[in-house]
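Asks: With the hints as a guide, bring both chains together as one complex.
Chains as they are written, first to last, in the numbering used here: chain A, 1 to 213; chain B, 1 to 372.
To be clear, the hints were calculated from the coordinates, so they are not data collected in a lab. Errors might be hidden in some of the hints.
As the list claims (entries may be wrong) - Examples of chain B residues toward chain A, derived with CB under 8 Å:
(1) 196
(2) 290
(3) 292
(4) 362
Unchecked claim - The calculated DSSO-like cross-link candidates involving lysine-lysine, where the alpha carbons are at most 27 Å apart (straight line), are:
(5) 143(A) to 117(B)
(6) 117(B) to 126(A)
(7) 57(A) to 18(A)
(8) 117(B) to 123(A)
(9) 126(A) to 65(B)
(10) 143(A) to 18(A)
(11) 117(B) to 57(A)
(12) 18(A) to 117(B)
Claimed, not checked - Footprint (simulated), chain B over chain A, 3 or more residues, beta carbon under 8 Å:
(13) 55-68
(14) 197-209
Nothing here was measured: the structure is a model prediction, and the numbers come from that model. All residues carry an ideal CB built from backbone N, CA and C; glycine is no exception.
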Amino acid sequence: MAEAAAATKAPLTVALSKGKLLSGSEGLFSRLGLPIPNGGGRRLVVEQGDARFLFVKDMDVPTYVEYGVADCGVAGRDVLLESESDVYEPLDLGFGRCRLVVARLVGSGFDYHRASTVRVASKYPKVATRFFLERGVSVEVVKLAGSVEIAPGLGLADCIVDVVETGRTLVENGLEVVAEVATSSARFIVNRASFHARRAEVADLLARLEGLA
Amino acid sequence: MAPSFNPRLVQIPPGVQCFVGEEARERRALEHVVTAVFEGWDYDEIIPPLYDYADVFEGPALAAKTYSFVGRDGSVLALRPDFTSLLAKVAAGRLAERKAPIRLYYAGEVLRYELPKAGRQSELYQMGLERLGGAREQGDVEVLAIAAECLSALGARGAVLALGHVGVFAGLVAGCALDPARVERIRAEVESKNAAGVRDALGGASVPEAVAEALVRLTRLAGGKGVLDEAAKSFAFSSAAHAAVDELRATVAALEEAGLADRIAIDLGEVRGLDYYTGLVFRVYAPGLGFEVGGGGRYDSLLARFGRPMPAVGFMLGLDRIALLLQRQGGLPASVRETVAEDDARDVGPALRRALERRASGKRVRFGNGNG
Numbered sequence: 001m002a003e004a005a006a007a008t009k010a011p012l013t014v015a016l017s018k019g020k021l022l023s024g025s026e027g028l029f030s031r032l033g034l035p036i037p038n039g040g041g042r043r044l045v046v047e048q049g050d051a052r053f054l055f056v057k058d059m060d061v062p063t064y065v066e067y068g069v070a071d072c073g074v075a076g077r078d079v080l081l082e083s084e085s086d087v088y089e090p091l092d093l094g095f096g097r098c099r100l101v102v103a104r105l106v107g108s109g110f111d112y113h114r115a116s117t118v119r120v121a122s123k124y125p126k127v128a129t130r131f132f133l134e135r136g137v138s139v140e141v142v143k144l145a146g147s148v149e150i151a152p153g154l155g156l157a158d159c160i161v162d163v164v165e166t167g168r169t170l171v172e173n174g175l176e177v178v179a180e181v182a183t184s185s186a187r188f189i190v191n192r193a194s195f196h197a198r199r200a201e202v203a204d205l206l207a208r209l210e211g212l213a
Numbered sequence: 001m002a003p004s005f006n007p008r009l010v011q012i013p014p015g016v017q018c019f020v021g022e023e024a025r026e027r028r029a030l031e032h033v034v035t036a037v038f039e040g041w042d043y044d045e046i047i048p049p050l051y052d053y054a055d056v057f058e059g060p061a062l063a064a065k066t067y068s069f070v071g072r073d074g075s076v077l078a079l080r081p082d083f084t085s086l087l088a089k090v091a092a093g094r095l096a097e098r099k100a101p102i103r104l105y106y107a108g109e110v111l112r113y114e115l116p117k118a119g120r121q122s123e124l125y126q127m128g129l130e131r132l133g134g135a136r137e138q139g140d141v142e143v144l145a146i147a148a149e150c151l152s153a154l155g156a157r158g159a160v161l162a163l164g165h166v167g168v169f170a171g172l173v174a175g176c177a178l179d180p181a182r183v184e185r186i187r188a189e190v191e192s193k194n195a196a197g198v199r200d201a202l203g204g205a206s207v208p209e210a211v212a213e214a215l216v217r218l219t220r221l222a223g224g225k226g227v228l229d230e231a232a233k234s235f236a237f238s239s240a241a242h243a244a245v246d247e248l249r250a251t252v253a254a255l256e257e258a259g260l261a262d263r264i265a266i267d268l269g270e271v272r273g274l275d276y277y278t279g280l281v282f283r284v285y286a287p288g289l290g291f292e293v294g295g296g297g298r299y300d301s302l303l304a305r306f307g308r309p310m311p312a313v314g315f316m317l318g319l320d321r322i323a324l325l326l327q328r329q330g331g332l333p334a335s336v337r338e339t340v341a342e343d344d345a346r347d348v349g350p351a352l353r354r355a356l357e358r359r360a361s362g363k364r365v366r367f368g369n370g371n372g
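Isolated chain B (complex conformation) (with noise of 0.2 Å):
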């Protein structure tokens, strides 16, 4: 009896990918230069496991992208679906005796049930690095100016840092008496630059008319530094979010003044990873990519569930999306390889001498079957 086709030889799972050759070239240059960065601003590579306990992951926002299984122990272990748990375990563990700022960044695929839709995959090459514990004014420039240097190093043109601080929207909604439910749908409506829809997720709840108005503000507060002016002045009857703004406009002077002033933009509508993240975000935009390459920002609280409470900054950049983005500006230099053909069937001995020779000299050689 002939033997059944079985599709599942020859297809490949929707959300993985494969990369062949050149692509696979190309994308370990990109690699390269990226981390070359992170090495040049004395952050330690880590290599962490491909897996961990799955409790390492906790989170509403990981744990249903989860991967997870069984163990031979009966413990439960996921696939790691970001690194920066990783990270923060390693940092309150094993180098708890490292003095802070402990500078780690990281290259590896990540794995998140996600189905394949504008740039996401499941496996996700990243790059990107953590600085854990030490002062926050100077972690949060160092990151930013990181990540625009990554950007020039790439040869990427335009790329923008769009900064925001969760401090500002959690601290206009904190003692309000909102519902969880109303809070996540102000939230993803400011999320959308929303103005009617931020007034609609309002409608009856008893907010004070200065922080509806404010929240419904959030929705233009894009641009450049001069909207930091204007939002301090809105925002001057909440302590929280007006201390949140100083904070941005801090860090806004720093960059300006160290030159990098042509590279950021200000968006206080930024109000993703809420429950994540505890100060700056921003994300990496670029034109000629519909979607950010790349984001990061301040996540003060996640350190102690690993029992070291420390203040932490980081970001990541994503493989893909950095390929696809220089692929869009205009193409990717394609590398120049002279490679040497050696082939001699009759007198393989003497052929292969002349390629071990040519190899010594650093020359690419193809051996045997040349003209194949």
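This is chain A alone, in the form it adopts within the complex (with noise of 0.2 Å):
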């Protein structure tokens, strides 16, 4: 059977987001015998041990683990459904729960079953237009890059789609979920080539990876 490690001396590298998710993927590694040296500093690329990490914003985790410049990776399951990214989602590590939502304007009376083009402002366009077409609504999707939650307030959309995690800041907006969309935690998603052509090494750590979860 193929042991393709001989072919490449390589690290293995892994893709991890700088954004929320960073402290939980510390956590992870460090438990397993790999602290990431300055995790949180201005250097994008750390190596450890046979490790090489690379740390990058969140919406574009999946990109490099797809294209297989990382081998893997940690990744929000919301933004594995924005990215549609031909990755392998091998094991839920259980940390960064939060729910995406639909959410509007407390009182607002807003109902998308009632309305013939929802516009909806969010950070996840692919997301939000699917749920709505799957329900038959026309969407209109505003994208913004953050502070969602004023989007409806101010007349830009008549909803948002957004990730919750306490709904503080939806309440601090004046906002309420009418719908969720689907959960999300860190996924440790690994790319399909190096599943294969790395699998010993890739193996090894989704075991201890496993264990640990």
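Replies: Next comes the structure, spelled out in structure tokens:
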């Protein structure tokens, strides 16, 4: 059976998000005996033992892994749903739990079942589009990079599709949840080629992570 | 009035590429390596038309990606989105009298409506073969052996053929009375090796516990051939899934006996193309490139569409991806080319005569403006 490790001496490359999943990822890898020095610093590539860590924006983690410049990575399910990347997703790491929801202004009475076209503000245009199209509702997505919660109050959109953890930001901006799109948590993802061509190393890391999860 | 600037006279449309000089030479050389392997296994080249009736390319996977247009006579035509259907049509029609197995190979462009991403383009150069008819056991191992030889001949290091069998997944879900949308959700989660996702997708469905457990387990059944023993035990309750595992085990045993053990891996979670493939499926991976360089499998029901039912198996390699892989693995050897300049602006005739003499002795000549 194929043991392709000999064919490449490159360290196993792991893409991690610089965003909200960073501390969870750091904790995870330090428990594996791979503490990431200076994880939150300015260096974007850090070598540690047989591994190399890349620190990138959360939305970019699936991209690095899909193209194989990272063999594996840690990405939120919310980001994976949006990126539609062709990667393996073998393990739910359990941290970074949140929900992707549709939220409207409290008291606006907005009901997407009765709208001919929903105008929705989101950082997740593909997720938002899919959600409404699957329900037979036309949708116009206003893509924003952040502070999505203020869009309905300012009249930019009828509702938003965004992640919520505690729901406090929604409340503070006068919003309420009307539907849940998906639940999310941090996932360990693996590049398809690395999974097979570097099987021994990837399987070992996966087994150790499974032992922790 | 000055003519207005037309960007289309400069830009290249997304999805197509243009290769010049060394790049083009390199691609032709790689193509030659692969087609020489195909010829070496006694396959016949076929150069099919660039377009055919759109009906030829039916099927959910292709229909949405086909560039079709209306011909002068009102018939709907399509630029070929793949070669297999065209080869099947020829094998069933023009080669109807030829005894099976019919061995055919091709090398050329296919066109698909696809946004450029992760090594995919709208215009893809594919090199592949189809073995139409003949014994299954021989066909499966021959095609896998040829794929492995192509990768060796190209100088790719560490290439792995990841083998699966669609009969495993299909056998498990058959008889469970699941609606197609549910089956697709389960399939997609198995495809992602997402065990928790498979459980979610099964939520609320009345599926026997053994089947549910087996579907979840499919996400973990990848690796060495020990995976097949584990699968045989786990799937004992499903004769269809068990038969598929046995079939794959026989294929792997034959490849091992032939000395190809180090080129293969098992991946029972390989469940793409369920509506097309009927048996063995495989993808070719190599370290350095994040996506497969090619793949193939058995498609025993396609030929019936063209009126000559017979089993078939084939595979293809993508030229762009092969070139990218070899480049990532340490560079393609630059071709060494000696060029003789022949330039004499005053005495064009004698200069041309000398150039012709050098050409006759096989030299590469650059004629005229040698100092330009």
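Asks: Confirm or reject each hint.
Replies: We went through each hint and held it up to the structure:
At its closest, the beta carbon of residue 196(B) sits 5 Å from a beta carbon of chain A; the interface hint therefore holds under the 8 Å criterion. Interface restraint check for residue 290(B): the shortest CB-CB distance to chain A comes to about 2 Å, inside 8 Å, so the restraint holds. Contact between residue 292(B) and chain A, as hinted, is supported at the beta carbon level, the nearest pair being about 7 Å apart and thus within 8 Å. Because the beta carbon of residue 362(B) sits about 38 Å from the nearest beta carbon in chain A, more than 8 Å, this interface hint is broken.
For the hint pairing residue 143(A) with residue 117(B), the CA-to-CA distance comes to about 21 Å; that is within 27 Å, so the pair holds. Taking the CA atoms of residue 117(B) and residue 126(A), the gap is near 16 Å; set against the 27 Å cutoff, the hint holds. Between residue 57(A) and residue 18(A) the CA atoms are separated by roughly 6 Å; this keeps the pair inside 27 Å, and the hint holds. Among the hinted pairs, residue 117(B) with residue 123(A) is consistent with the structure: their alpha-carbon atoms are about 21 Å apart, no more than 27 Å.
Under the criterion of a C-alpha separation no larger than 27 Å, the hint pairing residue 126(A) with residue 65(B) is consistent with the structure, at around 20 Å. Pair hint residue 143(A) plus residue 18(A) holds up; C-alpha atoms about 22 Å apart against a cutoff of 27 Å. The suggested pairing of residue 117(B) with residue 57(A) holds, with an alpha-carbon distance near 19 Å, which does not exceed 27 Å. The straight-line distance between the Cα atoms of residue 18(A) and residue 117(B) is roughly 24 Å, inside the 27 Å bound, and the hint therefore holds.
Remark: the segment 55-68 of chain A is confirmed as covered by chain B, as 4 of its residues place a Cβ nearer than 8 Å to a Cβ of that chain, reaching the required three. Counting residues of the segment 197-209 of chain A whose CB falls under 8 Å from any CB of chain B gives 4; the rule of at least 3 is met.
Hint violations for this structure: number 4 only, all remaining hints satisfied.
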